[in-house]
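*Asks:* Those protein sequences? They're chains A and B, same order as listed.
Note that numbering that gives the first Met the number 0 gives residue 179 to position 180 of the first sequence, counting from 1, and the numbers run on in steps of one.
Note that numbering that gives the first Met the number 0 gives residue 81 to position 82 of the second sequence, counting from 1, and the numbers run on in steps of one.
Since the hints were made in silico from the structure, they are not lab data.
Worth double-checking, as some hints may not be accurate.
Treat identical chains as interchangeable: a pair holds within one or across any two.
Said to hold, decoys possible - Here are the simulated BS3-like cross-link-like pairs (lysine-lysine), alpha carbons at most 27 angstroms apart as the crow flies:
#1 K133 / K416
#2 K416 / K367
#3 K44 / K431
#4 K300 / K230
#5 K416 / K26
#6 K44 / K375
#7 K375 / K234
#8 K367 / K133
#9 K416 / K375
#10 K416 / K230
#11 K367 / K26
#12 K230 / K367
#13 K133 / K26
#14 K133 / K431
Spelled out from the first residue to the last, the chains are:
There are 2 protein chains.
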Amino acid sequence: MTFTIQNVLIATDDDYITTDVQIVDGKIAAIAPNLDVVGTTIDGKHKLLLPGFVNAHTHSSEMWQRGGISVFPLELWLAELYDSAPVDIEKVYLSALGTAVETLLSGGTSVVDHLVLIPGEELETIASAVRAYKEVGIRAFIAPLIQDESLTAGLPSGESTQTHEPFFRSTSDTLELVEEAVRRFHRPDEGISILVAPTGIQLCTDALFEGCIELSDRYNLCRHSHLLETKAQEKLAQEKYGCTAVTHLQRIGFLSDRTSLAHCVWLNDADITILAETQSTVVHNPLSNLRLGSGIAPILKYRQAGVNVTFGCDGASSNDSQDLLEAIKIGSILHNVTDFDYRYWISPRQAIEMASLGAAKGLNLADKLGSIGIGKQADLVLYDLTNLSLIPRTDPIALLVLGRPTNVVDSAWVNGKQIIANGQVTTINVDKLREELFNLSEWVTKRPSETVAQFELHYRTVMGLSE
Amino acid sequence: MTFTIQNVLIATDDDYITTDVQIVDGKIAAIAPNLDVVGTTIDGKHKLLLPGFVNAHTHSSEMWQRGGISVFPLELWLAELYDSAPVDIEKVYLSALGTAVETLLSGGTSVVDHLVLIPGEELETIASAVRAYKEVGIRAFIAPLIQDESLTAGLPSGESTQTHEPFFRSTSDTLELVEEAVRRFHRPDEGISILVAPTGIQLCTDALFEGCIELSDRYNLCRHSHLLETKAQEKLAQEKYGCTAVTHLQRIGFLSDRTSLAHCVWLNDADITILAETQSTVVHNPLSNLRLGSGIAPILKYRQAGVNVTFGCDGASSNDSQDLLEAIKIGSILHNVTDFDYRYWISPRQAIEMASLGAAKGLNLADKLGSIGIGKQADLVLYDLTNLSLIPRTDPIALLVLGRPTNVVDSAWVNGKQIIANGQVTTINVDKLREELFNLSEWVTKRPSETVAQFELHYRTVMGLSE
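This is chain A alone, in the form it adopts within the complex:
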């Protein structure tokens, strides 16, 4: 927890300096050249030190289905996903390990896991993920994914009259479950936080949102939700509320400076103003938005309106990776095609700040995380600048963001504890993990989905697609 990184490159406002960085008891204690060595010495030569990034929206257990779900829009993709979701607590543990490892190896030191709960074993699911994240040592924000309406309720009705099965668990039981999870697992000082996390307006009643707000206020919890990922959800919000989803969420009080909202693709200008005013955070998941054809989130507009934005990989079935550097790259350059004026484009340095400090803000931790400054927690990543994918030498941060870095993370620390050294995860046996993931899965190449068959005609009709 106490160490000194010598002769390392760090970014200043618009340049770089070579310096030493002292970490004492998990916090950054000094930044200056030629510091006295305290604790272990780390050689920073030809290395770049950055604050750890946050994989600010994912669903870890989707790792089991990555590569396995058809190229579909969200609503049909989700139907297929439900048909093959893992229902085994041990698998949840392994995919949380896998998600943590891929996040760490691509510059992340924290993960926000919007965790799919196994019905009837909800607390066991959370316990399993907690165990994995503690073992790896990544900082984890576990957002148990809750809903109180059935999957079919997530589609707009259009002209038709739809009836839906009631959800198998009551709203109050669901809220009780979250509260129990908070009591058992919410230990921010130990690197595990619980978030209240209704899946989104498409599958949640106001009662569920309001219960979450109450828990959030009572236990000082951050709030997390999907928001307007697809055009279908935009239609649904109008049917359900007679106004936009953002207007409705503001009215019921869900939006706040500790609320982070995944996707935010289908917002209008008034909605954007509301996000800015409420200081809500947008979690941009560019790869998932492309893979599912959801659309391009208006990220440049968010930034111009003063909305805080950060990045997530989203679950590994809609991406199908947990490479945070990939999400940062695509989440930056994608928007250059949405505005001809390049003065608004996201620079590599801005992207890095969004991925670190932007995420910390959304998790109400900007005073503790997200930048390299005296007194901040040592969630740090050291990049090897001699790696083939980062040479020839030019601008280190531009190479990291605009290139395709592979095997570049030399070291990573969470709260001052070293999790990666010499490019290898030190806390768990990754080869063993790899074997288990391999052995517990099988090649699946055909995937007829009953749920998709039930949904597809209605989906095409309501979305105005030909039969």
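On the provided structure of chain A, position chain B as indicated by the hints.
*Replies:* Same frame as chain A, now just chain B:
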């Protein structure tokens, strides 16, 4: 050149089989289970065999500037690029090696290098790239980048009257240079082909295009060019020809079934019909198009119109990587946001075919390359399906295309010669290359560009951007 891969997974029309593949004298001789072993035995267990992909558009020497050019639209980016382009023959050699290695390690076995020529040392530049590609053993299509107009001529004039310096080399000298390159270096049977490659309508006269057509016909050479990468080029074509660039190129006879055209972002429906009728090939460079804000090429329209499409990384200053699997992934999923009807979206299997057979068609080699079939050249890649980035097991090709595979290429062969074994390039010393690239470069973090300063006001005016 003769070997047998045993128990390897290969793709059938809509599934996979485990089989043996026999390669004799550089060609695929048999595909069936339990074949007699000829030559070396390769263990294919838990591995996927695919045809090698083609990095169908790049500029190798841009590797020296990757991460080094501002986040700008093409025209300003190009101005900055020109200011710092390498002018050292040895650097051309090293960046060709680097481009080849990154291409090979991401599934490519061929590269189309639209090679920037050092003024006054044009043939030496080509010789240097040829030497590098022969040493590595990648199949190379060298397309010497030629023009006969000055950089400023590449911008539309708008309302103003612009005059441009004449280009330093005459059209006839330029054509003579290409012909000499063909005589010296065009050896398709040895894996090196020369293409005629005017940079594009923005910087080339009709005389240059027509000279290239003549050389192409006389020496049986493929044709390559940039086409309508930016909106500025679309405007310029109207100023220059009074019609679209595609109409003009068709009239002068440049389009053909051995013509490949990089970018093709700003085409209208009539242009697309012309590309289909002339059997031209579109080389899609999705990452460069995003990075430079050029736009999203209408790839789904091309496919519906029957236009052949393949993928390129583009030069490493506009991407800034040569990871072909990244280009294939983004070049597939990007288009899901351009059409709500998911039935037109590119499936992972279609993407693989575009990257292999699609490229072979554009290079007039579909009979020899681009698929795994009896009698085809053995340009093959073997992927390790036990790699962390490709597990848990689901659908191998979907994992490869939709995931973020790293370190997954186990082996690669070009014309039956093994270039990668156990994940390592066997033909050159990559660590030495890495050292040289590192030592011959330096961190560059400030980059005021004189040329940009000259261009920017005119660019903003003509593109309708505020001052």
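*Asks:* Evaluate each hint against the coordinates.
*Replies:* Hint by hint, here is what the structure shows:
no.	hint	verdict
1	K133 / K416	within (12 angstroms within a copy, 47 angstroms between copies)
2	K416 / K367	within (16 angstroms within a copy, 55 angstroms between copies)
3	K44 / K431	between (32 angstroms within a copy, 19 angstroms between copies)
4	K300 / K230	both (18 angstroms within a copy, 22 angstroms between copies)
5	K416 / K26	within (10 angstroms within a copy, 54 angstroms between copies)
6	K44 / K375	within (23 angstroms within a copy, 49 angstroms between copies)
7	K375 / K234	neither (43 angstroms within a copy, 52 angstroms between copies)
8	K367 / K133	within (20 angstroms within a copy, 54 angstroms between copies)
9	K416 / K375	within (14 angstroms within a copy, 54 angstroms between copies)
10	K416 / K230	neither (43 angstroms within a copy, 51 angstroms between copies)
11	K367 / K26	within (9 angstroms within a copy, 61 angstroms between copies)
12	K230 / K367	neither (37 angstroms within a copy, 45 angstroms between copies)
13	K133 / K26	within (19 angstroms within a copy, 52 angstroms between copies)
14	K133 / K431	within (17 angstroms within a copy, 40 angstroms between copies)
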